Structure formats: structure tokens, C-alpha cells
Amino acid sequence: MERKLRKFVPTFLQKIDRDWMLNRPYLWATKIHYVLFYGLIGLGLSMTFGQLQPISPSQISISTSFLITLSIPALLALAYWWYRLSVIFSQFAHDTQIWRRNFSLILLGSLLIMAVPTSGWFIMEWRTMEVRNELNRLEDTKTLEQGVHLFTSVMPVKLYWTYWDGHYSERSWYYNYSREDAIDDFMGLDKAQIAADFLEMAHRYNPDSYPISAEELVVAYHNRKLPSQFTRDALWHWRQDLMKRLNYWEELGAINPFRLHSGYALPSVEGINWKNIYPGILLFLIPFLGLGLAFVYLGLRPFIGFVLSLSALATVFGTMGQFMTYRVEIQEFFYGMMALTGFFSLYFGFSKAAAKNWMRSAQSIALLVGLTAIYGLLLFGPTVLLDMRTQGPPSALVMSGILTLLIALWLGPFQRRFNYLQTSPTTF
Amino acid sequence: MLSTNLKTRLDELYRLAEEQDLSRLSRRILDFFADYHLAPALRNDAIQLRARYNEFAANEQAEQDPAERAEMMQSAHDLISEIATALSQQLAQDGKGTDKSLLPSQEPDLVFSGRAITKTFVSPKFVFNLPDLDLDLRLGEITGIVGENGNGKTTLLRIVAGDLEISGGNISYPAFDVAAADWYRIKQNIAFIPQALKAWKGFLKENLHFTAAIHGIRGQENEEQVDFIIHRLGLTQYEDALWSEISSGYKLRFELARALVWNPALLIIDEPLANLDINTQEVFLQDLRYLASSTQNPISILLSSQHLHEVESIADNIIFIKNGEALYNGSMQEFGQDREENLFELTTSATKSDILAALEHLEDISVEDRGHTKIIRTPVDMASNKLLGELVKKDIAVDYFRDISTSTLKLFREND
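In the order they appear, the protein sequences are chains A and B. Throughout the first sequence, residue numbering follows the working numbering, covering 34 to 461 in sequence. Throughout the second sequence, residue numbering follows the working numbering, covering 2 to 417 in sequence.
It should be emphasised that the hints constitute simulated quantities derived from the structure, not laboratory data. Because the structure is a prediction, the values reported are computed rather than measured. One thing to keep in mind: the hints can contain errors.
Below, a list of computed lysine-lysine pairs in the DSBU-like style, where the Cα atoms sit at most 35 Å apart [what the hints assert, rightly or not]:
(1) K48(A) - K37(A)
(2) K48(A) - K394(B)
(3) K353(B) - K394(B)
(4) K202(B) - K48(A)
(5) K40(A) - K126(B)
(6) K353(B) - K252(B)
(7) K395(B) - K353(B)
(8) K206(B) - K37(A)
(9) K252(B) - K48(A)
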């Protein structure tokens, strides 16, 4: 396998590989040169195929488009280097005792990052608590395929909700959310704001069709009060008309439906389902409990090491779980990436600091942050540029997979040396 | 005039050439270049000779071309002459005829020093205690730890490697010149090869390049160093192999290559002989002996093993641990010097009575029957050849005979 794969490596890349192996070993071990080269080739190919295949973006699911344009080549490339390094398997293999300390260091780093408001951790926690009730609805979902099918069929509703509160309504994906349900919710909420925003959009695309100017809409928006002519029936009619137009424009390629996303809002306290807040709090508190224990038992006795490891695992899998259940928006995903980068950087930093080598510690952090930026740009840069959305379990799974691989790649080059070098002697 | 040390080394080369022992000759020539700075062209020739020999030796004996062998011998002869000439010129430039920088230091540096080292493991079912141990490891010396299973050999190795905390006592690494708790820097000087080897990912040679590079050996020097170590350890034919494609013996040798490629000061190997055949054991131990004694990059080697005789043949110091007690901890040469009797181990079809009858004219002889083997105890002045002669004279068929008076095997036998 290894030899066969090597046949597909062009000479110039082999030269780079050898040069880096001899002179820049840490960079070499990340295999970033392979990721860049094959990732770009894969991206170019997928974009070419996309151009040759005249399918409107609205006719395929976002997750599918994400897969065919980005994930598959990226995953193949990453899987290859993952295979080469197999760092997941060797991470804890060198010495069965070291993993406790490693996990504890990960934990300490993650706690520091979590304590920083901009890390996004609080946002993720809030959203976990907020949408917990929706999770119950998801249980009604029969199959993944059904969800994907529903997503396509209720696309206009999704757009509507997108514009409503600034982020997609997850409900429309798996919950058979009828247009009647949508309009009822629509009317029952802040209709002034919704209608104003909604009509402003319509006005922009076809100002002559609607008896209200943009200025009037702005006034209506600020007053939180709609003019009298905005009856329920009128809104429903305009909405239907607009959706037809939007669909038509989408097919012409005139607009990108995914551009409508404009950010998200933090949930209000009233939006929290207090009944389900405890799991979120627990998820949040376990690592802190672990931190306390870590300080008390700095010697990291076996049992405590085990407890800390569980805490760290809860932290990591809690984050993953949120990705898996698409509780996290793309921005939050990036926040998550930042957080993970941060605590892995700190992890190595702590490791090296523990070895009293601050200079190398700083180098490790700088290198890791740099690599994160490169990987992030390569893998998610095109997504951001195209403003493609990456919602739904399929893409969330893909992202989780990529994230895992990235972590593996980050760990790989360093693990081999640090496993032995980073630690002070263990107690057993 | 060449220094005594150089002359001894050159004489060995001439002797091996005379014996036509191309295997050892090509290795020793390379060892020479590891110790003395000579022209790079000569070093390359030496590496090429060794690489060529490795490929030659990889063939079946019937397929080995005698002409090629003769050609390599001639190349070796030429190389030795060139080395001698180059050294003479180099030393003549020194003006005094000697180059002190090429000589080994008189006082070996103390790499590790441990006093009253103890280690205790407590579990619900049993308690393990490593005894109070004093241990000094010096550059250029090999220290062997022998003893039965479960007596703490690996534990001691892990303590020295900085992998395991001690329960009591003091340890230090004087030669590394770093703070006591600066484990990062301490471990920069230690190579530890555990008994259970972990699989390498990717091509073996690339792993060696990577290891050398992360230890600061970069560029051309990296290539040369990796080539040197690969050919020196006879790994030429497997340099482009994968971990899954080589045997256990070669895996250990590649581990050794990875450990040695960055010139550590302390090499710790846990049970290295376990997976090696007899021939490979011999070569491996010889390699360790020469690598430890290198004049330019001497290494302190600490190894554990169950193969007493093999370890004793190369070790400067020996530690014998049994039942939570260090029965011996000192120089190999001094072991048994203060003994009160001689011990001989033999296997024979003769019974204990037969042996006693055959040796009845000798004084203070006793025989212990251990089933498969017999142990004969004699006064200290009884030489092994004399005892063996007496047995043969009385028609005692001896299948195996060994003088264990100065071997730690005696401790095994005495404390059964």
C-alpha cells in the first residue's frame, strides 16, 4: 500500500518531502505538502465536475455538495497520511502510563480555553441547553434519508426560517414542518421584524411588485409594528410569491440561497428549557471538578488520573456530540476549532513547560497554531468563500471526522518524540 | 609514530584481514571512522564496502561469488593502508607524534549515579519492592542486570531512563550537566529500547532520518549518519522495508539504529537478546561492546537479560537481583575473586555416584544432582582443565562443562 501510493507522488513533491525530512522534520511529519497538493487537485477536479454537471445548488442537498466538492478528496488525502502516521493508535501505545498525564494536560489546557469568553465554549453550552427540547422532536425522525428528503422538499421553509432569526431552523430538516406550521410561527412571533426583513429582501429583488418602500420597511422594523395592510393573508401571499421567485432565481444562478445567512443570536434566558439545563451544566462542570482534583492530587495518582481522563473524555465527546447533532453552527464550529487548537497548543505548551523548556514550548505552540491556520484555510476556506452551509448530520459527521483527523495529524509529528521526552517519571 | 590506542585498533584490522573475516573487518573499519576524523572520501569508501558486503552476505552461500569476495578483501586491504597513511600524516602534523584528542579520556564520565534506590509497588494482591541499590553508570562501560523474572530488572531500567519515579534514594545524571528535575534535557541524552517494541510507521530509513533530524542532525550530515548506521548494523537490504516486512531480530536492530543514530550518551535496552538467534546475539553483543568503547562517542549501556553468559562476556559491571535483594552489584572482573570454592556445571549421563567415585582421590569434592545438570564443588585451586581431565580419564562422558566460579550463574544455582 505504502509503495503503491508513493507511485502517485510527483518528483518535485518527493524532493520537497526529502528536503523537509532532512531539514524540517516537524513540518515534514505533518505532511502538509501532500495535503496542499492533493487537496488542491481534488478541489479543482470536483469543481470542474461541478461545472460540467448543470445541477442547481437547490436541487442537491448541501451536505452532498459539500461532500463532492471538498470532503472526499480532503478525506482521502488525510486518510493517507493518517495511515502513514497512525497516530491515533500510537498515541498511547509507547507507554501505558503516560496517557493519564497526557489527558490531564489536555484537560488543563481545555479548561483555560473554556474560561476565555471568546473561545465559543459558552456559546456552545448555551445552545446545547436551548435546543435540548428540539432534540425530543428529532426522535420522531425515521431515517437519515427521510431527513435529507425533507430538507430538499421544505427548502423554502428553511430559507424563511433562515431569514427569520439569522440561522437555519434545524426543525425543517427532520421534522416534517409544514408551511402552515411555519406561517403560524411566523405570525405568532415578532411579525413586524420578520415581515420587514422579509419584504425588504423582496423589494430588493423586485421593488415594483410590492406596495412599500425600503424606507417604510425600516421604519416598520424599528417600530416593531406593521402597517395595517400587512394582514396574515397578505403576508402568506407575498411569501409564496417571493419563494417562487427565489427558486427561479436560484436556478438561474442569480443568487446564492446560502448567502441569506447573516449570523445568529444568543438565546435569551427565557429560551432555555430549564428542565434540560442540567446535562449542559454537568458537561460544563465536570472538567472544573477535574481541575480541582488535579490541583489537590498533583501527583496524579492512578485513580485520580482515571477520573481526570473521564472528565477530559467527557469534554471532548461533549463537543463532538454537539457537532454530531448539528447543534453547532458553522461559526461555532470555527470557535470549536479555535478552542481545540488552543488547548492542544496549551497541551504541548504545558507538557514542555512541565519539562522546564519554555522556549521550545513557545515554538510548539507557534507551530501548532500555524498548522491549524493552514489546515483550516485549506479545508474550510473554500466553504467560507462559497458561503456554503454545512449543516445536518452528514456534514456534521464529515466535519467530526475531519476534526479527528486534524487532531491526529497535529498529534502525530510530536507524539513520537514527546511521548518519551515530555514527561517526568511516573509513579508506576 | 602512532599512539598505542590507534596501533591496537589498526593491528586488529590487519588481523581480521589476515583471517579473511570480511564481516567483522568491514564493521571494524566503519567503527574506526566513527572514532577518528579522517577524509570523507575514505569514510564513504568504508560505508560502500560495508554496504556491498551486506548485500553480498544476504545471498545464499552457494550463490556468493568468490571473486567478488576477493575483490572486497582487496578493497579492505587498500582501505586499511590508506587509513594508516592518513593517520600517520595527520599525527605527524601534530608535531609530537600523538594526538591526545584521539585518545579516550582516562576517567570515564559518570553518566548516572543512584544511591539507595528503592521502588515499591503496592496492590491489593501483592507488594513489590526493589531493593536498596547503588548504581553508577559510566561512559564506555556496559552494565548488565540479570536475575529471574519479576525481580525488578525492567523497573530499574525504567528508573534510570527517567520513566519511573523512585520511592526512595537519590539519582542524578552528572555527565549531562543539567538540573536534577530537568527531565526534558536529561532525556535528550538517553535512548531507551523497551522489550516490547512498538511498530514503526512508514519506511524504516525515513524513520531514522526523522529521528536524526529531530535530534538536530540535519541535511547532508543526516544522510551520512543514517547511511553509516544502516550499513554498520547490517541493515542495508532492509533500509527501504516496512516494519511488517522484517523479522523480530531486525526490528531490534532497527530500534538500535534509531537509538544510536543521534549518539546518545546512555543506551538502555530491556531484554535485547530475547528474540535473537545465537549468531545474531553474538554479533549484537559485539556491536554493543564496540559502540560502548568508541573513543569519540563512548556510550554507557545498561541492559537486562536472562542470557547470563552472553551478557557477562561483554559487561563491565553486573547486577544480580533475586528475591528483592541485590546479590551482587559490582565489577564483572571482581566477581568471584573472593570465593571459597570453585563451582563447575556439567551435563552427563553419569550419576552422582559415578562422578563421586571418579573423583574420590581428590579432596573436598562434592556433587549436587540437579536433574538435568550436576554441580561439582571443589577447592579454589582446582582448575577447570584439571577437573575435566580427571572426569575424562575415568570415562565419564561429559556433554557440557562450564566453570561457573566467576559467573553470576553461581548465584542462581546457590540460591535455588
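Provide an ascending list of the numbers of those earlier hints which the structure does not satisfy.
-> Result: hints 2, 5, 6 break, sorted rising.
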